[in-house]
Structure formats: structure tokens, C-alpha cells
Amino acid sequence: MPKVTVDGQEIEVPEGATVLQACELAGKEIPRFCYHERLSIAGNCRMCLVEVKPGPPKPQASCALPATDGQEIRTDSQMVKTAREGVMEFLLINHPLDCPICDQGGECDLQDQSVAYGRGATRYEENKRAVTEKYMGPLIKTVMTRCIHCTRCVRFSEEIAGVDEIGAVGRGEDMQITTYLEQAAEHELSANVIDLCPVGALTSRPYAFEARPWELKKTLSIDVSDAVGANIRLDSRGREVMRALPRVNDAVNEEWLSDKGRYMVDGLSKRRLDKVFMRKKDGLKPVSWDEAFKAIAKAKPGKDIAAIAGDLVDCETMFAAKALLKACGSSLIEGRQTGMDYDVSNLAAVNFNSTFEGLEQAKAILIVGSHIRWEAPLVNVRIRKAVKRGAKVFVVGPHWDTTYPAEFLGTDLAVLNDLPGHIADAFKGAERSAVIVGGGALKGAHGKALALASEWGADFNVLHFSAARMGGLMLGFAQKGGMNDIVVAKPKVLISLGADEMNFEPFADSLKVYIGHHGDKGAHAADIILPAASFAEKDGTYVNTEGRVQFAEKAVFAPGDAREDWTILRALADALGVSVGFDTFAQLQSAMIAEVPALGEEGLADYGALPKADAKTKAQGTMGAYPIKDFYLTNPIARASAVMQHCSSELLHGGELAEAAE
Amino acid sequence: MADRSPAPDTPELRERWGAFEFTESYRAKADRAIARYPEGRQRSAVMPLLDLAQRQVGEETDTQGWLPLPVIEYVADYLDMPVIRVLEVASFYFMYNMKPVGKYHVQVCGTTPCMLRGSDGLIETCKKRGMSKGHVSEDGLWTLTEVECMGNCATAPMVQINDDNYEDLTPERLDEILDELAAGKQPKTGTQIEGKHTSEPEGGPTTLREMVDANHDYRGEWK
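So the sequence lines, in the order shown, correspond to chains A and B.
Counting along the first sequence from 1, when you hit position 447 you're at 447 in my numbering, and nothing is skipped either side.
Counting along the second sequence from 1, when you hit position 86 you're at 86 in my numbering, and nothing is skipped either side.
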């Protein structure tokens, strides 16, 4: 471990660290634009200059200089100060002074660093360079005159996203960042370049001119658009969520966020259920809470009551529903809306056991029936990292565009029963490996995949898609026969907790009560609609597909008459004349934690050991298509979002439309 | 600096170049270039392949050749690499023409040594013949570009026309060279001064004279 001296302070730095990292370890701030912890080193902005002895008597770019034993680094000398001022002055030569109309204003690296390290005034009197705007799709707004050529966006799309779309065309002063022929950036992580851009060249198109960062309230939340549980920050103003930004959590999302998680938030203020509705002769009519509760009580459900949890609900809501049903004497609860009925007697067998971080270490990965780029874009990033470290990837299922080399083994799940020899060799030779089963293949290949994993000593993973899934399973939202058991039970009252993907047809005779936030499929089928809160409007606990328990906080109030879900269920208990045993959210939470202690502790839940696999099980069936038909429109919030609809029509269906027009 | 943006992507461009493919002899050369690099590193051959593609376009159009977007896409496809990466290379290096050029691409060096030795006069000569910077002349014969240092400062001023350098030029000599080219002849390349071979001093060596005829050990004379 090399020992270096930073401004007179001697510290030891890890092998392979750069001078910049050494300075950071010593607590010194080094200004930078092109350097980013998660991207390769470019060394082209020159802002991180420091003085290093021994070495040439001139400032050196610390980001690209390895720290070696005995170095004497100065970050506070006159030479460094002048060098930074000089670099900043050159960067600002061609940078427009349009901060007052720039969306990056207030959270701009260039702004902050020019205040801290700049000269304060310009000596430049000649003409500035101007660059034409480049189209990069419906999410990224470009003002390329502001670009300082750090190439973070180019490196992100090549290295992290694995989609070479953005490039630097031309050279020197004429260098321009663009996509090929200004085509839209077409991948699920494209908007991360907006966060990466240190200036206002790439900004958010839907959020353009909407708000200033200092007028926004920041709330820590969890992304519910998939089961990754990305850590996000909701920025709100008044009653409106203006934007969602990723937070850093190395174990979950690093610092990325999928485009859907980031941009579906405009759907939070559209198509909202803000009144109580009841189905009368001429359709759904607004009624009072009282009237609705009376109607439900009138149905006299007794113990013939069932609850179906949707994909976006938090554990507290599910627990409140479970408590209500328990008080009524029913245990008809189910969360797997689409009718899946895999065995949940051992939760480890339906969990992502590698963890996302651990997946990076795998040397061989078998994906069974999962379109990972759409079902969990951030897990795809991890697999790509593993592939860069030498992992081999095999996929069973229809072809999709991986961002890394992968061998597709066909759509017949039975291929697992007799895998080609080289796959078993790859797994047996691997120190760490992983089998990932997607939701689409749980029916046909769960047992066989489990057997293969135990045979190879590989980590067994199930990749869920719904943010509520693991929490629901922990709370027992699963019947042995899945939805079918609920149908057979013929409940008098069916409570749908934002369940929009389920089939309501078999429940024609039941009183269907929809407790949810968006006027989507569930609300259309419902007899009574009780308006509830979305993930942004309530505190809640979510469990991601790795079994990681995470808390989200309430950012804004629900619109109109909408209430937080648990209060509705609590009031419903009164209407039905039963007692659920909690009157406050805190009581509800402690009752929930008393029942499932793991939900009370942030971090990975312990599900114990995997069940013993039956080596004789055979996989059967074929993967016809993946469950997700349209990445941008998978949940009611996204379907209500104008931005997501635009993305879907332009990025996914744009090609088809253009062909039809020709 | 010349405009390095690619020629616009029009239906006419697609129609003319959409079906571009290496001819057999160019394909052989391309594959030889790729074979120079280890397995999995085919992308390294992007520069020779772009050059070959430009030459083939040149043969087809009887010009020095240029790189239409469909041809760039063809090269990207040939090397199985993202087309933006190929465009980055093509737009970076001046030896790739992004717009159509004439049969002779006259690149006059205008950097300091050449300028001091009279490159302004060379540009004047070219302009007098109807060339203008960045444009193809009306007869389709010439394209004039002012370029930065070509590394022939010892024989300044110089002009590069297609694959050949013409050095130690005077406006009159350049005029003769252009006449010869227009007439379809091959002018003398390299230095244009009688008796000079390459970049040695005019009128014979000025230093290391004993070395001219035989090897000479200077070490004893070191002071």
C-alpha cells in the first residue's frame, strides 16, 4: 500500500489508487468534470490538476495519475490555484453565460466550480462557438453550446448501458456530442446521462423549465416501477412530484435509475381517482365515503371476502388488508394477480439469492425466461459488468437484445433437461455462478432450475417484476393454487388493492371494491372505487426481489378525497363491524413487524436455506413471449404518464409507424 | 478548419450508395488488413477499411473518393461495430473526405513554415484556376483545401494532391503541375528543385560533409 503525502498529511492509499483518490482520502476536494467513479478515466477536462513530486515541474491531471509510494502531492499551492483558474477560464471561453435560463442552474458542476475555483471575471472578448442542438429522443433535451466535452455521456452509454449510441464527432473545437444521425437514444437507462452531464448540455426534456432545484422538497423514496427497488429521491413542489432522481446505493441501483422509474412520475397527477365512486344503473357515479362503506357492509361478506394485492402496494397496505380479512375470518389473500401459483413454502426458493452486487462476481449465468433489460434494467447492468469480468451468459427464451454476448438456447424450456455439455462445463468450472429464473418461466422450469443450481453449486435467483411481490409473499399473499383458489372460493366481496393486471371476469357475482390511485383496468371493472394514495403519497415498506427491506417516505398529499390505503382499510373494518387492532400507522407497523419481524429491519431479509432440490424434476413447456409487452407501460402510473406514452409510441412503435407510412 | 460534418442523409444518397460493397480486390485488401489484428480486435482495422472504401468510391466516381453515410455504415457492419464509433474516426481524420471531392484533392499546407515560404502564393495560384476552398471546381477536376502541417517543413511550401506530395514549390511550378495533372500526366513528385533528392539542403550538404562518400568517425574531433 503506497504512502503519499497530501498537503503535508501522510496517508496510506490502496494499491492502484489514483492521485485524485488519494487526495479525496485525505479529505481534499478536487474539482473535476470528466472523472466519474463509475466510468473509465478519460483525463480530458484537466480540471483536477495538482502538483506532484517527484515528477515534472508542472501541474498534473490527478485523475489519470497513479498514486505511488513517496509522492508529495500539493492541492493548495499557487501553481495549482493558477492552473485551475486557467483551465476554468478556457472551459468558459466557449460556454454560454445563460445560467438564468438553464435548467442545470443551481445544481451545475460548472457553476459551482467556477464560483470556487474560477477567476471571477472573463478576459475573453472574441466570438463564442455555437453548436446546433442534437435530437436525442423524448427524454433528453440538448443545448450543445453548453457542452464542455467531458465525454461522460459517451462513456456511460458504451460502458454501463452497453449501447453505443452517443459519440463525439469531429475534433478539437469542432467536436460535437451526438447520436448517429440524431436518432433517439433507445435504451432503458438513457436518461442517466442527464445526471452525469456536469453542465446544462443534456437536461431533462419533460422537466424542462418546470422548477428550480432550490424550491423543491426532497423526499427519500423507493422506485416501484420494477422489483429492483432502486433508491430514489422525489423532488416535489406543493402537491406535485416534479421529478424522481436516483440516490446512491451500491447494493441496489449504484447511482442509476431506469427511464421508467425516473419519468413515470408525471403520471402521478394524471387519471387520478380523487373521489369515491359507486357503480349505479348508468355507470360509475361519485358518492360519499359513508354511502360506499354502507354498500360494502350491505353485501354482508362475513368470511366470504378476498383481497388481491397489486404490483405497486407497500407492505403496510397489504398487512392492513390481511388484518381486515383475518378479523372477518377469511384468509383469501393473493398478490400474484396474473394467476401464477408457484410454491412459496420456502421463500428462499423464490428470492434473488445472489444479490445484485454478488451477481457481478458470477463467472457463468443462466437466464431462464426473463427479458432482463425490460424486467429489471439495473440487473442487466450488473450482468454486463459480470460479462466484462469474463462471465458467460446463456439464455433460455425468445431472443432479446442483450447488451453483452450471450448464447440463446431456444424457447423450449425442456432444453434444461438436457443441456449441451459446454454449459455444464462453464458452470462447474466457475467459482461463483448464478441461475436466474424470470416470472415467465416459473411455471415450467422452477424446479428444474433449482435442481441445476444445486447440482452446479450456483446461486439460485428468481427475478420478480412487481415491487410488491416479495413483501406480499412474506405477508402470506399467496394461495396454494394462486388466483384460481380465490375464484373457486367465490367471495361475496373482492377487494382489489390497486390490482390492475388481474382478470376480473370470474368475479362477476362478487362486489368488487377497488382501492387504488389510478383510473386503470381495475377501476373500470370495479363496483365501488375507494381512492387511495400512490407510492409517493404514503410512508411504506417495500421488499425488492433480493429480499431487501427498504422504507419509502411520503412526499406529497394524495389528491382530492383520496386517503392513505391503510386508513381506508381501517375505516372499512368499522363499517364491517370487526376490529383489526390498530388505530394509527405506528400501531399498524408494529403489528406488522410483530408478525413478520424481517419487515422491521432495513436490509436483506433472511429466508433460510434453499429447499432440497429434486434432481428428477423435468422442465416443460415453451417460452412463447415474455410477460412484458411494452417496457414503458407496465403499471397504472406509467400508463397514465404522458412521457411514458410518448416513449412507448416513439421508441418502441416508432419504427412500425414509419414503415406503415412509406 | 474545414467543415467535417457528413454529407446529408438524403434518399438520393441512400439510392446511390445504399448497395455499396467492396469489390473482390478491395475485399481481399480489407480482409488482409483485418487479419493483422488478433482475434476479437477486428475493430482496429477501421482506419485501413475506411481508406479502402474511400478509394473504391473514388474509382467508381473518378474522384479522390469520399465517404457517404451508407458506406460508413457498410464498414461498421463489415467490422461488426457500432456505426457511431466509425463515424467518430471518419470525422476525426482529415484523410477521410466527408463530402464529395474532385478528381484531384489539392491540399495546400498553410501552417507557419509553409506560410513563411510562400503558401499564400500557392493558394492564389489555385484560386486563379477557379478553385475555392472546400468546393469542387466546375469541371469536377479540383477540390481545394487548406490544411495544417503535413510534416514537410524542411521542403516548404508544399501541396498534397491525392496520394502525392509536391514540395519546394513556387506558384509557377504549381501551375505547371496542375496543368500536367489536368492533361492526365503524372508530374514529378517530391521536391521540385533540380538536383535535390529529398529534404537535403540546397547546394549540397552543410554539415557532416565527410560522411557523404564514406563512413567517418567524428568521435576523435569532439571537443
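Do not rely on the hints blindly, as some may be mistaken.
Derived, one-sided and incomplete: chain B residues facing chain A with beta-carbon distance under 8 Å [stated by the list, open to error]:
1) D80
2) V83
3) M95
4) K128
5) C153
So, partial list: chain A residues that the calculated Cβ filter (under 8 Å) puts toward chain B [to be verified]:
6) A168
7) V169
8) K300
9) G302
Label-pair ranges, simulated between beta-carbon atoms [as the list claims (entries may be wrong)]:
10) R237/A - M81/B: 25 to 35 Å
11) D9/B - A508/A: 49 to 59 Å
12) M115/B - G105/A: 36 to 46 Å
Derived from the structure by calculation, the hints contain no laboratory data.
We treat Cβ as the ideally placed atom computed from N, Cα and C, and that holds for glycine.
For each hint, the structure was consulted:
Evaluation of the D80/B hint against chain A yields a violated restraint, the C-beta minimum of about 11 Å exceeding 8 Å. For V83/B, the shortest C-beta to C-beta distance to chain A is roughly 5 Å, which falls under 8 Å, so the interface hint holds. The beta carbon of M95/B comes no nearer than 13 Å to any beta carbon in chain A, farther than 8 Å, and the hint placing it at the interface is violated. Annotation: K128/B was flagged as interfacial toward chain A, and the flag is violated, the nearest CB pair being 29 Å apart, outside 8 Å.
At its closest, the beta carbon of C153/B sits 21 Å from a beta carbon of chain A; the interface hint therefore is violated under the 8 Å criterion. Of the supplied interface hints, the one on A168/A holds, with its beta-carbon coming within about 6 Å of a beta-carbon of chain B, less than 8 Å. For V169/A, the shortest C-beta to C-beta distance to chain B is roughly 5 Å, which falls under 8 Å, so the interface hint holds. At about 65 Å, the closest approach between the beta carbon of K300/A and any beta carbon in chain B exceeds 8 Å, and the interface hint on this residue is violated.
Using the Cβ-Cβ criterion of 8 Å, the hint placing G302/A at the interface with chain B is not satisfied: the shortest such distance is roughly 64 Å. Range check, R237/A to M81/B: Cβ separation about 45 Å, and the 25 to 35 Å hint is violated. Taking 49 to 59 Å as the suggested C-beta distance range, the pair D9/B and A508/A conforms, at roughly 56 Å. For M115/B and G105/A, the hinted distance range of 36 to 46 Å is satisfied, since their beta carbons lie about 44 Å from each other.
Of the numbered hints listed earlier, those contradicted by the structure are 1, 3, 4, 5, 8, 9 and 10.
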